[in-house]
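Novice: What follows is the residue order along each chain.
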Amino acid sequence: MLKHLKSIKNFFVQEFSSLRLAITLFVFLAISTLIGTILPEEPMVGRAKLLEKYGEQNYLLLKGLGFTDVFHSWWYLALLTMLGANLITASVRRVFPKWYLAFSLPVDLRAESIPRLPVNCNIEVNGNGSALLGKIEKKLKEKKFKTVLSENKLKAVKGAWHRIGASVTHVGILALLFGCAISVLTGFNGMAQLSENEGFYLADLGGRTDQIRSTEVDNWVVPISKMPIWFGRISPYLVRVNKTWREEYDNGAPKQWYSDLSVLDENKTEIARKTIFVNNPLEFMGLDVYQSNWGKFAETTFNDQKISLPVETINGKDVIFLPLSKDIGLKFKVLQDLIEVYSMSPNLEKEKLLGKINKGDMLQMGPINIGYYGTVTFTGLQFKSNPGYFLIYPGLFFIILGVFIAFGSKKQIWGQLIPENNKIIIGGKSDRAKAYFAREFEEIISEVVNSK
Amino acid sequence: MNLFKFSVEETLFFNISGIAVFIAFWLYAVSWMNTKLDFFRKSGSLCLFVSLISLTVALVFRGMALNFFPLTNLYESLVIFAWAIIAAYLFLEYRFKINYFGWFVSGFLLIVFLYATWLPPGQKQIAPLVPALQSYWRVIHVPPLLMSYALFLIGAFSSVAYLVEVKRSRKDKNKSVSINKEITSGVIIKTSSREVSEKAQFFDEVTFRCVTFGFPLLTIGVINGALWANHAWGALWQWDPKETMALVTWFIYAIYLHFRLNSKASGTVLALISLIGLAMVYLTYLGVNQFNFGGLHTYGKIE
Ligand code: HEM
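Quick note, the sequences are listed as chains A and B, same order. Quick note on our numbering: the first sequence kicks off at 207 and runs consecutively. Quick note on our numbering: the second sequence kicks off at 7 and runs consecutively.
The hints are simulated quantities; they were obtained by calculation from the structure and are not laboratory data. Fair warning: there could be bad hints in the mix.
What the hints assert, rightly or not - Short derived list, chain A residues pointing at chain B, Cβ under 10 Å:
#, residue
1, MET250
2, PHE277
3, ALA372
4, LYS537
5, LYS590
Where is the CB? At the ideal position from N, CA and C, for every residue including glycine.
Could you put together the complete structure from these sequences and hints?
Specialist: Given below as structure tokens:
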């Protein structure tokens, strides 16, 4: 029974440390990632679009199989987990043990083995054989090989340290996978739209996804999103927008968006403050806040119904377009304290001024009653907590470092003087670039032989 | 929007570069038909070098007009891709004597040049940058990727050459070859290889070289992209089609590298993996937008 278990365990260790499994997993991952790229994904395009594309029945079928969200499907996760398991076993059993190879000299080879090396040659010696071997050693040293010469046997190696590249990369990938797992299981993220003097505190609102906007600190709430299985903790910070503004190019296109933020603790005392902009977030004690977009809105009413309309800036002027049908519409010019209402239609050369609305006033236009209450600016903030970072960043660094280290080849050369036949046999091999090594070998031998 | 015009200098140097590639194409073609005409090949390389220099100058002028590294739209991306192909080819030719491919490479370059020129004006104009693109990350995210694409492209040319070579010498069944080369009287260097010919071994190795140069660059590019996204959008990885497509490409070349560790791996399979890899590169670079996979990386979209 015990023996049985042991053989099962051996089988798993064997399988999971094999390069074959790694390649198989890569193939499956490549194919499923490709499928996920080509098929529209629910988190990207939304459910309605998929229903329209596939129809109710097919949608449910595809959803059941995970094809509507490949990257969060159980089988994609399983592939990644297998890759992780494969990587751990293979690294421990096959990759890390090769470390010593990086710092050791080549093993001894018997004379018969040298002619079997991928590149080799015989050199007739007419003179002092040992001196010639010494000369070869000197040449190899010149070419930055590490050499030992003893009892007419020469061994040389170069670039062995490249062997640790694979280990470094593999450690990096492991760190990355663990870091991502930690982040996914304990991190959270979300977004908030705020105007000046508003703010948010983080809350786990279950299924609710709408933010409550208010200038009253006690009413600030913004929901977070997190994974279904989650062990995290939500930090008790409050974030307040002190000021938000934008910079423009001469033509009115947005150049940069800024938000001046304060982080408050539970007692509403400020513990950090920073002006953020796109590509320059606030990073504070495990909570990062990003500027993601920005908008100006006009607060209006239509027949007493409150509507916020997005203001666009065109050629430096603030305008709102309100299409009413395919070719007719209204255009509002937003000025300091009033808006001007124009009608638009393709038949009209010029827009026609219909009326002006002062801030706080209303305008009756036929059946419609339009009110204007000034503009507000919203800053779109994204935030997240990402506890796996202490592993993710080093992981990424090690992956890059490792692929660079693994870049070169390990080259080994063995030579031996055979005094009976008065000849030197010498040969070598390289673990990666083979044809290039053959040329290098040829060059070294030619240089030595021709200089004699 | 008021947009800057192409400067006269930029247009001039861009055209010089294109013409030099055109001349290089014919010079390489002639030397390809008759390998004794080495002079033609060398002149071809010289033309490519001239092309590289004038393309660099054109890019500098554009960068000056833009006040930034010129990598903001598909046109500029294609021009830098062309730059990367020439630079990669000249480097490989100098370092590893890959003379066979000059003809293919300059032919392909012509296509890139024509495609860039054909792009609608909206894709070529120098436009102010939207906030998300204003970052030094852009400069360290995209160029390594374009360089890796260029290397994978040349690697794929070599794979095609390998497959042709293997097919041609199928007749002699003997799988591996050994070559004896006498360097001076009495000193014979014996090289053995499991490939069908010395040429096949060479092509195989050129592909391998391109992948070993390209893979770290691809890795850096993808990781820098993630770091940038983290800065700009607040998430390292969003499973956006461009990202996932790059991941597919990365997996394919990881397959290539791991498969090669097996000393009995078939060269034909390796060559095929490299070709699949190139197809993935195409989908990553242009296909994501051309075939409308959607997503956030839409700067290269043709409206
Ligand atoms: C599931 C996982 C994996 C397994 C079982 C695995 C296994 C191995 C093994 C056994 C080696 C040879 C080490 C040596 O000879 O010193 C190796 C090399 C290497 N691995 Fe992995 N690996 C895995 C995943 C990855 C991934 C995802 C990458 C992505 C970058 C990677 C990159 C490398 C590199 C660059 C080398 C050196 C290749 C060369 O020398 O040509 N590995 N791998």
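Novice: Once the shortest beta carbon distance from LYS590/A to chain B is found, is it less than 10 Å?
Specialist: holds, 5 Å
Novice: How about ALA372/A: closest beta carbon in chain B under 10 Å, or not?
Specialist: holds, 9 Å
Novice: Classify the hint on PHE277/A as holds or violated, based on whether any CB of chain B lies nearer than 10 Å to its CB.
Specialist: Status holds, d = 5 Å.
Novice: Can you verify the interface hint for MET250/A: is its Cβ closer than 10 Å to any Cβ in chain B?
Specialist: holds, 6 Å
Novice: Does the interface hint hold: is LYS537/A within less than 10 Å of chain B, judged Cβ to Cβ?
Specialist: Since the shortest Cβ distance to chain B is 19 Å, the answer is violated.
In terms of the numbered hints stated before, the structure departs from hint 4 and from no other.
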